[in-house]
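Engineer: Line order of the protein sequences matches chains C and G.
The first sequence begins at 1 in the working numbering and counts up one residue at a time.
The second sequence begins at 1 in the working numbering and counts up one residue at a time.
Keep in mind that the hints were calculated from the coordinates and are not lab data.
Hints should not be assumed to be uniformly reliable.
[Claimed, not checked] Beyond 12 Å from chain G on every Cβ pair, some chain C residues (computed):
id, residue
1, Tyr-26
2, Ser-34
3, Leu-53
4, Val-56
5, Met-89
6, Lys-92
7, Ala-123
8, Leu-161
9, Gln-212
10, Asn-255
11, Val-278
12, Ser-303
13, Tyr-314
14, Leu-351
15, Ala-401
16, Gly-456
[Said to hold, decoys possible] Sample of chain G residues lacking proximity to chain C, with all beta carbon distances greater than 10 Å (derived):
id, residue
17, Ala-28
18, Gly-88
19, Pro-110
20, Glu-122
21, Ser-144
22, His-167
23, Ala-175
24, Thr-177
25, Ala-182
26, Lys-186
27, Leu-238
28, Ser-240
29, Gly-242
30, Val-263
31, Thr-266
[Said to hold, decoys possible] Cβ pair distances, simulated, as ranges:
id, chain 1, residue 1, chain 2, residue 2, range
32, C, Val-230, G, Tyr-226, 52 to 62 Å
33, C, Leu-19, G, Thr-266, 32 to 42 Å
34, G, Ala-135, C, Ile-184, 20 to 30 Å
35, G, Ala-67, C, Asp-109, 51 to 61 Å
36, G, Asp-147, C, Ile-160, 34 to 44 Å
37, G, Thr-230, C, Arg-42, 27 to 37 Å
38, C, Ser-219, G, Asn-211, 39 to 49 Å
39, G, Gly-79, C, Gly-418, 41 to 51 Å
40, G, Thr-266, C, Trp-517, 46 to 56 Å
Since this is a predicted model, take the numbers as computed values, not measurements.
Glycine included, every Cβ here is placed at the ideal spot set by N, Cα and C.
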Amino acid sequence: MSTATTTTELVETKKSGGLTGAAANYIDERTSISTAVKELGRKIFPDHWSFLLGEVALYSFVIILLSGSFLTFFFHASMTPVEYDGSFMPLKGVEMSAAMASSLDISFDIRGGLLMRQVHHWAALLFVAAIGLHMLRIYFTGAFRKPRELNWIIGFILFILAMAEGFTGYSLPDDLLSGNGLRIIDGMVKGIPLIGTWISFLLFGGEFPGEQIVGRLYSLHILLLPAIIVALIAMHLLFVVVHKHTQYPGAGRTNQNVVGYPVLPVYAAKAGGFFFIVFGVVMLMASLFTINPIWNYGPYDPSPVSAGTQPDWYIGFADGALRLIPPGLEFVWLDRTWSFNILIPLISLGLFILVVLIYPFIEAWVTGDKREHHILDRPRNAPTRTAIGAAGVTFYAALWATASSDIIATHFSVTMEGVIHTMQFLVLVGPFIAFFVAKRICLALQKKDREIVLHGYESGRIVRLPGGEYIEVHQPVDEYDRWKLVSYNDYKPLMIRPNADGKITVGQKARAGLSRWFFEDRIAPVNNTELEQAHGDHH
Amino acid sequence: MTTFNTPKQPRGRKAGRRSPLASVALIAIGLLFTGGAYAAFSTSTASAETNATSQQTVGEGQKLFAANCATCHGLAAQGSGSGPSLIGVGAAAVDFQVGTGRMPMQMNGPQAQKKKVQFTEEQIASLAAYVASLAPGPGKPDASLLDAEGNAANGAELFRINCAMCHNVAGAGGALTAGKYAPNLKGVTEAHIYEAMVTGPQSMPVFNDMNISPESKRDIITYLKYLEKTPSPGGLALGSLGPVSEGLFLWIFGLGSIVALTVWITAKSN
């Protein structure tokens, strides 16, 4: 009878056990599930809005699976040409692939089809966006530190896979927009020296576009990629359970405990309800706002390209990188064409992704910190990390914005060239400005925290002392709030020490240099002596 | 051409029995027919209009032209450093440029902007008549081509191939180089769409009748009017701008409202 306590209690008021109890007992005797329920049901989760972002991603994925299954019932992943004979008048009689025709049928001739298509697409955009925001939260609070480095890697791979899912899905309807997107990918692949053309022909089963690609992408989109994503999500969540959830600093919160509510009944109810809220928001968007009107784009034909042809938002940064490359970077050498206009974006984005992927290990190496961290950093208390993050966000955002350079030009009445040159500047110089500004802001905020801990808040009350002196009365900060302000890790630059052989290696020098760069500018947390001294001053 | 050749053959056989004036008369008849057929096939209704528009209208147009247009286009519409020659642009160009408010230009810029129309219908017609009187050029389209009741599917295909690279598949407009742009086509009248295709204003290429036949132009207008009249089947169209407006909407309103809801869910009850 050790099943979920709530159910048992409810039933017990009538008669002991009852049907629920008997059923629970029956299952428990055969599966020993009570151990798991007991363990998971008493699992504590801390409450903070930013801890729900990963959940949003998970729920979007569930919505995608549900709506996607519906779509597979009606979609034909074939590029066989057919003549469209559905109910959308302006495409009647037009020759198109079976994929496009079935997507149009889903949109116009299958009950609820268009709603499901739009649910699927909006949820996909939300999925990747929620992952992005979740990752930013993890990064800026330092939740990737030991023991969670591996989970950062898994999460980041999930992010990449989500983009791959998105892109393969975007290409399936075989409309003009998706064909143009594939053409860009084809061009990027062909830009790789030596092997590019071979890979392109392998991928498309011959010359682009061929008659293979939709079927192949479909297998990836509904079979391979989702299977890997589901497996990785399971691992990701398992790690969350194993590591326990992190929490923000506060009174009573330590590295050894988790302050919050248990899964059963509070969190199960909250999270369960939240699923329906997310579903509701997606439904609302899908029923009120058009997404990807393939009927406007028409069937794919290699000759036309529409103005305003962009990838979905999460591929935008790569599209932007291609738009920013100045002309004249393609030349023939050794009887081969070297497309540096494609190689430079490919290589720099690859490096960017790699740095983000392994960042937890870089920081761990620089700090030399081998401790476990379950208390999150407030972003201001890790100024250099926050500044690196701000630089990365600026770099990404500038590339991303560039993908809409034409829309920016028309809607803000500026020239296309002006937009491109501004963005080139922002991509190259923006990260440095962002780094400097963010670091200064962090340090200034830390100084302000110190000030508040030592001297309290300015109350604006001026008091005249008997001796004639005027002072402003400061209101001291209460102990609960003070905890948040003083308890953080204070790193100092590493000292270079000779190793066992009495030598100072290059690696050590590099590490010490990076460590100095990380922790040179720092505001130490207020310690007890300072605190007592400050109090002495005021009384 | 055949009309010239046909009379030759009988003359070869029975030359003696024909008055010398007969061939002249035949040539005259032939010319009349060719000209007539040309006029009938031509999309412009210029010939009909020439009869209708009196010399007075042209004179009025000339006055308006001298007062409002000659500064840039020259007193005889011969053009100047600040405006192109208008000899041979035809009534269609005038009707488009003046009828959409682009001319007279408010200021020099990358491209003449659409603005409030500066003249009345009659004034525009006189201006058009004056410019058309300078040299033959494309006239105003026949009303039968502007009824928007052609083949929308054919129009859509032609629009995607010929127009969408600048105007976007849904006619929402797009950017060009150096601050120029292809405007949004929503709300543009049938006649102006037709005239724009025939005359190629500003950066737009000319789509003459050899490129896109008048019937196909009618189909394109049909498609554009279909887009305008039919609400987007999927709900609000977000400007029909494609993935950019979708992504912006998702981040600001979609994710924005979800973050607001997470804050609500985790708020401490008082």
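Engineer: All hints are to be evaluated individually against the structure, with a verdict given for each.
Structural biologist: The hints, checked one at a time:
1. Non-interface call for Tyr-26/C relative to chain G: holds, since the shortest CB-CB distance, roughly 35 Å, exceeds 12 Å.
2. Taking the minimum C-beta to C-beta distance to chain G, about 29 Å, the non-interface status of Ser-34/C holds against the 12 Å cut.
3. Leu-53/C, annotated as away from the interface, has a beta carbon of chain G within 12 Å; the closest lies near 7 Å.
4. The beta carbon of Val-56/C sits about 6 Å from the closest Cβ of chain G, which is not more than 12 Å, so the claim that it is off the interface is violated.
5. Not every CB of chain G is more than 12 Å from the CB of Met-89/C (nearest about 6 Å), against its label as outside the interface.
6. Not every CB of chain G lies more than 12 Å from the CB of Lys-92/C, the least distance being 5 Å, so the non-interface label is violated.
7. Non-interface status of Ala-123/C relative to chain G is broken: a Cβ of that chain comes within 12 Å, the nearest being about 10 Å off.
8. No beta-carbon of chain G comes within 12 Å of the beta-carbon of Leu-161/C; the shortest separation is about 19 Å.
9. Every Cβ of chain G is farther than 12 Å from the Cβ of Gln-212/C; the closest lies at roughly 24 Å, confirming the non-interface assignment.
10. Every C-beta of chain G lies more than 12 Å from that of Asn-255/C, the closest at about 22 Å, which supports listing it as non-interface.
11. Look at Val-278/C: its CB is around 6 Å from the nearest CB on chain G, not clear of 12 Å, so calling it non-interface is violated.
12. For Ser-303/C, the shortest C-beta to C-beta distance to chain G comes to about 6 Å, within the 12 Å cut-off, and the non-interface label is violated.
13. The Cβ of Tyr-314/C sits about 8 Å from the closest Cβ of chain G, inside the 12 Å cut-off, so the non-interface label is violated.
14. Distance to chain G confirms Leu-351/C as a non-interface residue, since its nearest Cβ pair spans about 25 Å, more than 12 Å.
15. At the 12 Å boundary, the C-beta of Ala-401/C falls inside the reach of chain G, the nearest C-beta of that chain being 10 Å off.
16. Against chain G, the non-interface label of Gly-456/C holds: every CB pair exceeds 12 Å, the least being about 24 Å.
17. With a least CB separation of 48 Å from chain C, Ala-28/G remains clear of the 10 Å interface cut-off, as annotated.
18. For Gly-88/G, the shortest C-beta to C-beta distance to chain C comes to about 31 Å, beyond the 10 Å cut-off, and the non-interface label holds.
19. Not every Cβ of chain C is farther than 10 Å from the Cβ of Pro-110/G; the closest lies at roughly 7 Å, contradicting the non-interface assignment.
20. With a minimum CB-CB distance of about 34 Å to chain C, Glu-122/G clears the 10 Å threshold, and the non-interface call stands.
21. With a closest Cβ-Cβ approach of about 21 Å to chain C, Ser-144/G is found to remain outside the 10 Å limit, as its non-interface label requires.
22. Chain C draws His-167/G into its interface by the beta-carbon criterion, the shortest separation being 6 Å against a cut-off of 10 Å.
23. The Cβ of Ala-175/G sits about 4 Å from the closest Cβ of chain C, inside the 10 Å cut-off, so the non-interface label is violated.
24. With 10 Å as the threshold on Cβ separation, the claim that Thr-177/G sits away from chain C is violated: the shortest Cβ distance comes to roughly 6 Å.
25. Listed as a non-interface residue, Ala-182/G fails to keep its Cβ farther than 10 Å from every Cβ of chain C; the least gap is roughly 7 Å.
26. At roughly 13 Å from the closest C-beta of chain C, the C-beta of Lys-186/G stays outside 10 Å, upholding its exclusion from the interface.
27. At roughly 6 Å, the least C-beta separation between Leu-238/G and chain C is not larger than 10 Å, which violates its mark as non-interface.
28. Against the 10 Å criterion, Ser-240/G falls within the reach of chain C, whose nearest CB is about 7 Å from its own CB.
29. Listed as a non-interface residue, Gly-242/G fails to keep its Cβ farther than 10 Å from every Cβ of chain C; the least gap is roughly 4 Å.
30. Consistency note on Val-263/G: stated as away from chain C, yet its beta-carbon is not over 10 Å from all of that chain's, at 4 Å minimum.
31. Against chain C, the non-interface label of Thr-266/G is violated: not every CB pair exceeds 10 Å, the least being about 5 Å.
32. Checked against the hint of 52 to 62 Å, the pair Val-230/C and Tyr-226/G fails, with Cβ atoms roughly 43 Å apart.
33. For the pair Leu-19/C and Thr-266/G, the beta carbons lie near 36 Å from each other, so the given range of 32 to 42 Å is met.
34. Range check, Ala-135/G to Ile-184/C: Cβ separation about 47 Å, and the 20 to 30 Å hint is violated.
35. Take Ala-67/G and Asp-109/C: their Cβ atoms lie about 59 Å apart, and the range 51 to 61 Å holds.
36. For Asp-147/G and Ile-160/C, the Cβ-Cβ distance of about 53 Å falls outside the hinted range of 34 to 44 Å, so the restraint is violated.
37. About 57 Å separates the C-beta atoms of Thr-230/G and Arg-42/C, a value inconsistent with the hinted range of 27 to 37 Å.
38. Between Ser-219/C and Asn-211/G the C-beta distance comes to about 43 Å, which sits within the given range of 39 to 49 Å.
39. A hinted range of 41 to 51 Å is violated for the C-beta pair Gly-79/G and Gly-418/C, which are about 30 Å apart.
40. Evaluation of the 46 to 56 Å hint for Thr-266/G and Trp-517/C yields a failure: the beta carbon distance comes to about 37 Å.
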